[in-house]
Amino acid sequence: MSALAYPDRITATYYLILAAGLFTIGAVGLLIRKNTLVMFMCIELMLNAANLTFVSYASALNDISGQVIVFFTLVVAAAEVAVGLAIIIAIFRRRQSVNADDVDLLKG
Amino acid sequence: MAAVVFFACAAAVLIGALGVITGRNPVHSALFLLVTLVSIAVLYLQQHAQLVAAIQIVVYASAIVVLFLFVITLLGVDKHEAPDDAHPLQRVAAITLGVLLFTGIVVLVHGNDWVTGAPSTRGALGVPATGNVETLAKSLFTSFVWAFEMTAVLLVIAVVGSVVLARRSGHRPEVPEDDTAAAGVPESEGAAP
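Protein chains in written order, with our numbering: chain A, 1 to 108; chain B, 1 to 193.
Keep in mind the hints are simulated off the structure, nothing from the lab. Incorrect hints may have been included.
Computed Cβ-Cβ distance ranges for the label pairs, DEER-style [stated by the list, open to error]:
hint, chain 1, residue 1, chain 2, residue 2, range
1, B, T103, A, T11, 14 to 22 Å
2, A, N99, B, E134, 46 to 54 Å
3, A, L106, B, R91, 19 to 27 Å
4, A, A90, B, L108, 36 to 44 Å
5, A, L105, B, I57, 36 to 44 Å
6, A, L105, B, A54, 38 to 46 Å
7, A, L105, B, L155, 25 to 33 Å
8, B, I15, A, L105, 32 to 40 Å
Every residue gets a Cβ at the ideal spot worked out from N, C-alpha and C, and that includes glycine.
In isolation and in its complexed conformation, chain A is listed as follows (with noise of 0.2 Å):
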C-alpha cells in the first residue's frame, strides 16, 4: 500500500478536509431541503463541523482553548435547539405545516 492511501500519521489536515466535506454537504442540504426540521439538523450538521475543526486544532496546536470553546458551541447549540422547536411547534400549530414555502406572510 502506498503512502498516499495509507498515511502512517493522521494529520490535522485529514481532520479539516473532513470538516469541509461535513460543512459542505450540511450548507447543501440546507438550500435544498424545505422541511424545516432536516434544516435544523442541517445547521446542526454545520454546527458539528465547526466543532471538529476546532477540535483538530486544539490537538494540533496542543492548545486547551479550543476543546473549550467547543464546550460552549455545544451550549448555544442546545439553546438554538430547544428555542428553533418551539418556534417550528408554534408555526406548526397555525399553518398545520413544517414546510418552510407556507411561511409567506411577508411574501409582498
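Following the hints, position chain B against chain A.
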C-alpha cells in the same frame, strides 16, 4: 490503527450526513444524524478530547436527537410529508455552490500550512493517557469563567423562551386560521386572563 479508525469514522460521518439531507422521512434523517454525531465523538476521542467526546454523546447524540424525534412524532409530520422537491434549478445551483465551497476550502488547506501560530497559549492539553478533564475544567473555571457564567444566563433565557413559544396561548379555543386578527393578541391575553 489510527488511520483505520479515522477512515472508518470519516466514511460514517459523510454517509450519515448524506443520509440526513437525502432522507424522505424526517425520522430517517434524525437517525442518520445520530450516526454522524457518534462517529464525530469517536474522532474526538482520537484527538485526546475525552470530555468533549462524552459531552457530544450525552448532549448531542442523546438529548438533541431525542428532542428532534420527539417533535417529529408530536407533530406527526412523518406520515403526510409532501414531496418537498426543490426547484431543479435551485438544486443544481445549491450543489454547484457546495462543490465550489468544498474545493475552495480544500485548496486553502493544501495551499497553506494552516496550523500555524503559537502553541499552548492557554495551556497544554494535558497528559493524553489520563484524560484531559482536569485540564479542561481548570481552563474553564479560570480563563473562561465569565463566558461560563454567560452560558448559564443563555440557558435560562432559552428555557423560558421555549416555554413561552410552545405554550398553548390563552384559555379560549384555538382560532384556526385568522392571521390578521390573532397576530400578537394571544400573548397579552395569556398574561392577564
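Here's how the hints hold up against the structure:
no.	hint	verdict
1	T103(B) / T11(A): 14 to 22 Å	holds, 20 Å
2	N99(A) / E134(B): 46 to 54 Å	holds, 48 Å
3	L106(A) / R91(B): 19 to 27 Å	holds, 24 Å
4	A90(A) / L108(B): 36 to 44 Å	holds, 40 Å
5	L105(A) / I57(B): 36 to 44 Å	holds, 40 Å
6	L105(A) / A54(B): 38 to 46 Å	holds, 43 Å
7	L105(A) / L155(B): 25 to 33 Å	holds, 30 Å
8	I15(B) / L105(A): 32 to 40 Å	holds, 38 Å
No hint from the list above goes unmet by this structure.
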